[in-house]
Every structure is written in C-alpha cells, then in structure tokens.
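Chemist: Protein chains in written order, with our numbering: chain C, 6 to 333; chain E, 6 to 333.
Do not rely on the hints blindly, as some may be mistaken.
No copy labels: a pair is met if it fits in one copy or bridges any two.
Said to hold, decoys possible - Calculated pairs, SDA-like style, for lysine to any residue (alpha carbon to alpha carbon, straight line, at most 25 Å):
| no. | residue 1 | residue 2 |
| --- | --- | --- |
| 1 | Lys-30 | Leu-84 |
| 2 | Lys-333 | Tyr-62 |
| 3 | Lys-228 | Leu-322 |
| 4 | Lys-105 | Asp-91 |
| 5 | Lys-68 | Gln-139 |
| 6 | Lys-48 | Phe-158 |
| 7 | Lys-231 | Ala-311 |
| 8 | Lys-68 | Glu-140 |
| 9 | Lys-68 | Leu-137 |
| 10 | Lys-241 | Lys-280 |
| 11 | Lys-105 | Asp-271 |
| 12 | Lys-200 | Gly-29 |
| 13 | Lys-31 | Thr-177 |
| 14 | Lys-18 | Asp-271 |
| 15 | Lys-268 | Gln-301 |
| 16 | Lys-105 | Arg-161 |
| 17 | Lys-31 | Arg-174 |
| 18 | Lys-200 | Pro-128 |
| 19 | Lys-99 | Arg-161 |
| 20 | Lys-99 | Phe-304 |
| 21 | Lys-275 | Asp-17 |
| 22 | Lys-136 | Gly-29 |
| 23 | Lys-275 | Leu-43 |
Think of the hints as simulated: they come from the structure by calculation, not from any bench.
Number of protein chains: 2
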Amino acid sequence: MTKNPIAPELLDKLENFLSTYSFGKKPDELYDPIRYILSLGGKRIRPLLSLLSYGLYQDNPEKILSQAAAIEVFHNFTLMHDDIMDEAPLRRGKATVHEKWNANVAILSGDVMLVRAYDLLLPSPADILGKLIQEFNQTAAEVCEGQQLDMNFELRDEVHEDEYIEMIRLKTAVLLGFALKLGAMLGRASEEDQKRLYDFGVNIGVGFQLKDDLLDVFADQAKFGKQVGGDIISNKKTFLLIKALELAKGEDEKVLKDWLAKKEFDPEEKVKAVKELYEKLGVRKLAENRMNDYFQSGFELLETFAQSENPYYQSLLEITQALVHREK
Amino acid sequence: MTKNPIAPELLDKLENFLSTYSFGKKPDELYDPIRYILSLGGKRIRPLLSLLSYGLYQDNPEKILSQAAAIEVFHNFTLMHDDIMDEAPLRRGKATVHEKWNANVAILSGDVMLVRAYDLLLPSPADILGKLIQEFNQTAAEVCEGQQLDMNFELRDEVHEDEYIEMIRLKTAVLLGFALKLGAMLGRASEEDQKRLYDFGVNIGVGFQLKDDLLDVFADQAKFGKQVGGDIISNKKTFLLIKALELAKGEDEKVLKDWLAKKEFDPEEKVKAVKELYEKLGVRKLAENRMNDYFQSGFELLETFAQSENPYYQSLLEITQALVHREK
C-alpha cells in the first residue's frame, strides 16, 4: 500500500498484538468468535491512524498498541452486530459469526468485545483516561446512532442527501476521526491539534463512504474484489440512489421506480439500466464532486500538520491518499 | 421492604436520577427502549447495594448516584439482550423491547446502554477510575460468560450441580458482589474490606438465585407474582431439576424423563407430578440447605462490618435479610 516502511511495520506489530491478546478462555462460544472475526483481516486502517497520529507528537507509537487495538476491536464489534441486523451471510468472503455459530452467540460475543475494547483503553495515563473514555463513548454512541439511521432509511421512501451524509458521518466517519484524535490525545497534542486531526478523519471518512458507493457501481470488475452492482441489485439507499430518486422526472422516474419495484429480474440487466440512469441524471458526477469536496477539506486540514522530516506524517499522507485512489 | 428510612430515600433519589438522565435524543428507536426498560421498575437492589456500601465509609451516598446508576443501567442492558436470546415475550409483565420494537432495535439499543453505563462511571476520582473500570469490565465479561453457559446448559443432557452453581455465580452473583465493591472503592475502603463486601455479595447472590429456583416451584401462589411452576413447565435446568436428574433411579427416573420428553401435557398435572418427585427425592431439602449455606457464609462476612451506630449498615442488613425471607 505504501513505500514508506513505517505503516507495514506498525501493522505487523498490531497484528501480533491482536493475535496474542487474551480476550478470554471459557466458554468457547463466547471467545472463539472474537478471535475468528479478528482473524478475517481487513486493512486495520483505524488503529493505524491512531498509531500514526501519535507519531506526529511522540516517538515509538508501539507504546499505544493497546489503545489502537481498542479501536479495531470496537470496529469489529460493530461489524459482528451489524451483520446480525443486516442478515449478512458473508464478511470478507467468510461466514459471518451469526451464520457460523448463531445469532445469540453473535450478540453475546459482540457484547464481550465491546467490554474488551474498554479494557484495551485502560493502559493510558490516569490524568487523561476519563476524557479519553468519554470521547470514546460519544463516538461509540454516534456509531450506533448511524447504524439505526441506516436501518430506518431502508424502510423510508424518501431520504434527503443531507440526512444520508449525516448518517454516514455517524456510522463511519466519526470513528476515523476519533482514531486520529485518540493518538493525538495520547501523544499530548494540543486540543486544537486534536480537533483538526478529528475533523481531517471525519472529512476523509465521509469521502471514503461516498467512494464505496461509487465503486460499488462503477468499479472495474477485474480489479474490484466483489460483484460490481451489489447495491443496485439490493436497492441499497446510497448517495447515488437518493440523488437519482430526487432528480429523475417523467420517463426516467418511471424506469427507475419500475426497477426498484421488480421482484424478479436479470441482475446484469438491472445493474446496466440503473447505471445508465445514474450517468444520464448526472448523479455519478454529483457524488464524485461531493466526495472530492470532503477529500479536499480533509487534506487541507492534514497539510497544516506538514512536517517534511516526520516519517509518521509522510506515512499518514501516503496511506490516506492510497485509500482516496483505491480501485477496490 | 424496610423500616429504616435510608433505603427508601436513596431509592427515590436513584429513580429521580435515572428518569432525568439524558441517555440521548435521536433516533428515537435507539433511546426510547432505554427509557422504556428502565421505566419498568424492578427492586434496584444493585445500585442500592452500591450506595449503602459507600455509606459504610462516607456520608452522603448520593454523591455516587451516577456510578450506582451505571450498575442498574448495565443490569438492564443484560436483561434487554438476554430477553432477545431467550425469546422472552414479557419483562416485569410488560412487552420486552424486542417484542415492542424488534430484535435489531433491542440489540442496538442495548449496545448503547452498555456504552452509557461507562459514561455513568466516569465522574469518579482519577486515581481510581482505571481500577474501577477494570473491575467493572471483569464483572461484565463474567456476566456474559454466565449467560453463555446458561444457554449451553439448556442444550446439554447432563449438567453437574457445581457447574450450575458456577453459572449462577457468573450470571447473577458477581454483579451483586461488584455493586458492593464499587461503593466500597468509591468510599475509599481498604482492599480487604472491598474483598469481603464483594464476597458477601457473591454469596448472597448465589443464595438469591437458589431461592428463585425454589420459589418458582414451592411459592404460595397467592403471594407469588407469577405462575408457580413455570420452570417445571419449560424444563428449565434449575438446581432442583439437575439434582433430581442425578438422584432419580428406576421408576422415578422413568417418570421424570417421561414428563421432560412430553410435548403435550396438562401444565398443572406436570407441575404437581414433578413437584412431588422433588419432595420425594429430597432435592427441595438439598436446595434449601445449599441456599442457606450461601446465606450463612454471606451474613457471617457482613457481620464483620457490624457498626451498630451506622444506619447504612443497618439498612444493608435489613434489605438483604428482606430478600432472604421474601415470598415472591
């Protein structure tokens, strides 16, 4: 992902930490799913942001591996519970916990994961622990609010684009912001720096989610990991669909709503038709513009931290830029 | 419940705290269920134990209303999630959250409740906050372990009585122990006192659960709040059934196993038959002896705190004794 060796080295240490951390022993049904979901991998972008953000202020980010791991464990707890709610059969190409075990195991094992996330935050200086947990709590509650809004939106006929942006800010972006802020807090950054790093994270987080929406429809199938068009097939209320529903009039509106209402269809045909409508209505362009606005706001904030001699800054820039330009 | 005015006064303050605390605003589906489950009442025994335990060491237990409320919020979080897992339709005679809303709402709203429990612990002195959260985490993980063991046992043919006692220790008793320890920690009690109060709580907690098992079968229907015999009707693996399965031989074993296997039966007839077997096999007596052993061990520990002039001690003794002698 990057030429700078810092990120891969920190990621190695993080994997080692996560795979050797003792989440608990018995009963197996409670603790095996935690080890299982963490073994499925993922980019570990959130803990990496914490480590690099700390590196802007202090040497040896491996000192905060535990707190960085807390963010990853929390993130995976949300995935375990979201997968139950979304009835998702697969996570990173493998069976989800509620499929491999059952929903009750996924509920309870997820609950313990959340508790363990707090354990992982504890090796922090006493004078900032309270503030750190308070901010973590706020973020955690916001992530839950985002998930609830997401579920609510799926049942609503109309969702305004601002509501959608607010939902993805809560569900996805605030945790990226907090990951950066956590590293900055532990690195003893000023409150102003903490806030700017948080805002950088939130901005790129919203951008990343819009990018996800775009890739799901317009990615190059040869490079994309999963089926292109999945969101169109399932009528997922993405930024693209929300804008298309707002802008389509006359025949376009009829065609779009017919496709959304159809229970039986050829998936390829539906994807092709809706994709064409997205281009025709200009919603692809609108989404790209919106995404780029968020990326720009984010990177303008990051630039204020520019330290050419600090390898953590370089790495932070590289890995976030790589995510901006990813094709899968 | 008690003649001493301390407990009712503290309970009033606690209710007021819980009903005015802001758990969050939007979306409604996330926060209404929290207010709903807390409005269903309950004895609030756990937070009361924290407040009274604090009172053994410091005046004005209302100083730790927030931390006491954390215990009650955590307890109600476990009820919300357990009710999903147990597919329970009713909680304190009212619809459970997953029935009134749906399972997804109960999962996510429960998750936020757990987060809010941590928020409520935060107004604690910085020098003990870390230790306090660490102990809370251990207790929380143990409660989850107990719930998982309980679910596992329901699917097993044989459960040993020691396994059962360990399950109820984890699922029920450790939280009573921690509630007392929390008050003691905040009251700046010695580590030895903290441990003795914890052990008192665990012992009476195991006793209370055995009392629940006994009341469900042998309570006076006129005084008992719910249907006597519910555990027998549902084949619940209580201490009584576990011991009966161990001790029944020959015809008794056949009769017991026939009742357990029957899909269609007259509930009254089943309750009567199994109850008679429990008496005949002596398992009622065995359960009562076991329960009384735990109560005795508990109260011997509590007596070491005897302070005739301390009204909080008197209240602690009164309310726990009232639970020992309850008939519903």
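Chemist: For each hint, tell me whether it holds in the structure or not.
Modeler: Hints and how they fare:
no. : hint                 : verdict
1   : Lys-30 with Leu-84   : both (22 Å within a copy, 24 Å between copies)
2   : Lys-333 with Tyr-62  : neither (32 Å within a copy, 60 Å between copies)
3   : Lys-228 with Leu-322 : within (23 Å within a copy, 69 Å between copies)
4   : Lys-105 with Asp-91  : both (15 Å within a copy, 20 Å between copies)
5   : Lys-68 with Gln-139  : both (21 Å within a copy, 20 Å between copies)
6   : Lys-48 with Phe-158  : neither (28 Å within a copy, 38 Å between copies)
7   : Lys-231 with Ala-311 : neither (36 Å within a copy, 68 Å between copies)
8   : Lys-68 with Glu-140  : both (20 Å within a copy, 23 Å between copies)
9   : Lys-68 with Leu-137  : both (16 Å within a copy, 23 Å between copies)
10  : Lys-241 with Lys-280 : within (14 Å within a copy, 55 Å between copies)
11  : Lys-105 with Asp-271 : neither (30 Å within a copy, 38 Å between copies)
12  : Lys-200 with Gly-29  : between (35 Å within a copy, 23 Å between copies)
13  : Lys-31 with Thr-177  : between (32 Å within a copy, 17 Å between copies)
14  : Lys-18 with Asp-271  : neither (46 Å within a copy, 62 Å between copies)
15  : Lys-268 with Gln-301 : neither (40 Å within a copy, 66 Å between copies)
16  : Lys-105 with Arg-161 : between (31 Å within a copy, 20 Å between copies)
17  : Lys-31 with Arg-174  : between (37 Å within a copy, 15 Å between copies)
18  : Lys-200 with Pro-128 : both (23 Å within a copy, 23 Å between copies)
19  : Lys-99 with Arg-161  : neither (31 Å within a copy, 29 Å between copies)
20  : Lys-99 with Phe-304  : neither (34 Å within a copy, 52 Å between copies)
21  : Lys-275 with Asp-17  : neither (42 Å within a copy, 61 Å between copies)
22  : Lys-136 with Gly-29  : between (27 Å within a copy, 19 Å between copies)
23  : Lys-275 with Leu-43  : neither (35 Å within a copy, 47 Å between copies)
In this structure, the earlier hints numbered 2, 6, 7, 11, 14, 15, 19, 20, 21 and 23 are contradicted, and the remaining ones agree with it.
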